Each structure stands twice: as C-alpha cells, then as structure tokens.
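Trainee: Work out the full structure: start from the sequences and follow the hints.
Chains as they are written, first to last, in this note's numbering: chain A, 18 to 124; chain B, 773 to 915.
It is worth saying that the hints were derived from the structure and are not from the lab.
Remember, it's a predicted structure, so these values are computed and weren't measured experimentally.
Idealized CB from N, CA, C, for every residue including glycine.
Treat each hint with caution, since some may be false.
From chain A, some residues computed to sit far from chain B (all C-beta separations above 12 angstroms) [to be verified]:
1. Arg47
2. Arg50
3. Ala51
4. Ser59
5. Gln60
6. Pro61
7. Ala62
8. Lys65
9. Ala68
10. Pro80
11. Gly82
12. Arg83
13. His86
14. Arg109
15. Arg111
Across the chosen pairs, the derived CB separations fall in these ranges [to be verified]:
16. Pro804(B) / Glu84(A): 58 to 64 angstroms
17. Pro846(B) / Phe55(A): 52 to 58 angstroms
18. Ser59(A) / Glu786(B): 47 to 53 angstroms
19. Asn120(A) / Glu786(B): 16 to 22 angstroms
20. Glu870(B) / Gly57(A): 55 to 61 angstroms
Only part of the chain A face toward chain B is listed, based on derived beta-carbon distances under 10 angstroms [as the list claims (entries may be wrong)]:
21. Lys71
22. Trp108
23. Asp113
24. Glu116
25. Leu118
26. Leu119
Okay, here's what each chain looks like letter by letter:
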Amino acid sequence: MHSASDLLFKTLGDPTRRAIFEHLATGGERNVRALTEFAGVSQPAVSKHLAALKLAGLVRDRPEGRETHYSVEPKGLAPLIDWMEHYGAFWRDRFDRLETLLNRMDQ
Amino acid sequence: MTTADTATRTLVVERMMQHPPEKIWRALTQGPLLEEWLMKNDFQPVVGHRFNLRSDPMPQWDGVIDCEVLAIEPNKRLAYTWAALGLESVVTFTLTPEKGGTLLRMEQSGFRQGSENDRYYQGANYGWQKFLGNLEQVLAKLS
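Mentor: Shown next as structure tokens:
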C-alpha cells in the first residue's frame with residue numbers, strides 16, 4: 018500500500034467529488050459558480066470538495082479578481098497510474114517474506 | 773515476474789519457490805504462518821468464511837482489508853476477495869509442482885467498486901470501474 022495512492026483513492030471515493038474532478042478533466046477550467054451548477058449541491062459543499070481535491074494535489078486554483086478558477090492538476094493522478102506498480106511491489110515484498118519464512122520452516 | 777495489464781486490470785506475480793506445494797500451502801492457509809509473511813488475520817480455510825487482514829493504520833486508511841474465501845483446493849489453489857478503500861478485487865494463489873519446487877502464482881484481478889458491506893462504499897451511482905476505464909481517455913485529453 019502506498020500513502021499517496023491511499024489519499025487519492027480516499028479523496029476520489031466520494032462520488033460528487035469524483036464527478037467534479039472528471040468534469041474539470043474533460044471540460045477544462047471552471048469557477049466555483051459553474052461547478053456548483055454542475056454538481057447540484059450547495060456552493061459551500063462544492064468549495065469543501067474543491068479543498069479536498071486540492072489537498073490531494075488533484076486540482077489547482079487560479080484567483081482572478083474576486084473569482085477563483087479551478088482546473089485539473091495532471092500530475093496529481095500519478096499515484097493512480099502507478100497504483101498497479103505499487104501493488105506489484107507490495108506482492109513482491111510479501112513473496113520475499115514468504116520465501117524467508119519457508120526457508121525457516123525447513124529447520 | 774510481475775505484469776500489470778491495464779486493459780483487464782489484472783496483476784500477476786509469479787515466483788519459483790524451492791519448496792514443495794504442501795509446505796507453501798501451510799504458509800498460505802495457517803493463520804500464524806500467514807501473519808508472518810502477509811498480515812495479521814483471522815483466516816480459516818473454509819469457503820464462505822469472512823475474515824480481515826490487518827496492517828498498520830495510516831492517516832488515510834485504517835489498514836483493514838475485508839476478505840471472503842471463494843475457493844479452496846488443498847495444495848493447488850486458494851482464492852479470496854480483497855476489499856479495501858472502496859475497491860474490491862479477487863486474489864488467487866495457484867501452486868504448480870515443478871522440478872525441485874513449486875511455481876507460486878498470485879493473480880489479483882477484477883478491481884471494481886466495493887459492495888454495500890464495504891465501509892467506504894458511499895452509495896455511488898458513479899462506479900470506480902467506469903472511472904478507471906475512462907482514466908486513459910481523460911489523460912489523453914489533458915496531455
């Protein structure tokens with residue numbers, strides 16, 4: 018298990034948050050008002066989702082006057098792309114431990 | 773050997789072990805031995821038995837994996853579900869006798885959204901599977 022991918026999965030585990038993220042990924046930069054209209058939940062709720070996505074490194078914000086515009090941070094998805102490799106590393110590590118145990122069981 | 777097939781999302785780890793299948797089977801199915809190389813557990817080699825694998829908690833994760841035994845073929849094959857962080861997969865161990873030992877194969881496949889029993893499940897109408905399936909397209913648009 019890898020803490021970066023754990024945070025990412027936890028963050029994207031919320032369906033509304035995931036929908037907002039995918040909307041940004043496919044539709045490009047949006048402000049909070051546009052995202053609130055899309056998500057169909059309250060503006061404070063959207064702001065909270067955006068804060069969580071930002072904390073996980075999945076979105077970046079760009080203030081412009083009184084507005085804040087949000088867009089996807091592509092690098093934030095790296096843990097997801099590497100996720101299979103992390104699981105692979107996890108199992109290889111456990112196989113090492115299994116082999117050590119099997120050698121010990123001989124004695 | 774490790775391969776990760778992104779199309780079917782199947783992870784395979786294989787290793788030639790210089791030990792007979794019977795001995796490896798014990799390490800896969802006896803709780804105290806399983807704990808020594810995998811995780812703390814309440815595993816029992818009974819089809820339908822639900823158990824947990826427990827690792828150290830992390831800030832974003834309690835370290836608990838929910839499992840259910842799906843298949844038991846002594847000294848040959850063991851399969852159980854593996855649910856953590858809202859994703860459910862199936863882990864299958866296959867033991868094949870070879871000259872001088874055993875080929876041990878671990879296949880983890882079918883990563884999909886967890887069931888309602890999963891504490892991370894949030895009634896999503898928006899599946900993980902679809903999300904993971906769309907990921908490559910999303911990334912292509914971004915680059």
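Trainee: Quick check for students: does the CB of arginine 83(A) sit more than 12 angstroms from each CB in chain B?
Mentor: With a cut-off of 12 angstroms, arginine 83(A) remains clear of chain B, as the shortest Cβ separation is near 28 angstroms.
Trainee: Closest CB-CB distance from glutamine 60(A) to chain B, is it above 12 angstroms?
Mentor: holds (21 angstroms)
Trainee: Using Cβ atoms only, decide whether leucine 119(A) comes closer than 10 angstroms to chain B, and label the hint accordingly.
Mentor: Hint holds; leucine 119(A) Cβ to chain B Cβ min 5 angstroms, cut 10 angstroms.
Trainee: Does proline 61(A) sit more than 12 angstroms from chain B, CB to CB?
Mentor: holds (19 angstroms)
Trainee: For alanine 68(A), which was marked as not at the interface, is the minimum beta-carbon distance to chain B over 12 angstroms?
Mentor: Holds: least Cβ distance 15 angstroms, greater than 12 angstroms.
Trainee: When the nearest CB of chain B is found for aspartate 113(A), is that gap smaller than 10 angstroms?
Mentor: Holds, because the Cβ-Cβ distance from aspartate 113(A) to chain B comes to roughly 9 angstroms (cut-off 10 angstroms).
Trainee: Could you see if the CB distance from asparagine 120(A) to glutamate 786(B) stays within 16 to 22 angstroms?
Mentor: Because 19 angstroms falls inside the window, the suggested range holds.
Trainee: A cut-off of 12 angstroms on Cβ-Cβ distance, and glycine 82(A) was said to be off the interface with chain B. Does that hold?
Mentor: Per Cβ check, glycine 82(A) is outside 12 angstroms of chain B; nearest 26 angstroms; holds.
Trainee: For alanine 62(A), is the shortest CB-to-CB distance to chain B above 12 angstroms, so the non-interface label stands?
Mentor: holds (14 angstroms)
Trainee: Does arginine 111(A) really sit off the interface, with its C-beta more than 12 angstroms from all C-beta atoms of chain B?
Mentor: Violated, since 6 angstroms does not exceed 12 angstroms.
Trainee: Minimum C-beta separation from alanine 51(A) to chain B exceeding 12 angstroms: can you confirm that?
Mentor: holds (18 angstroms)
Trainee: Is the nearest CB of chain B more than 12 angstroms from the CB of arginine 47(A)?
Mentor: holds (15 angstroms)
Checked against the numbered hints given earlier, this structure breaks hints 14, 15 and 21; the rest are met.
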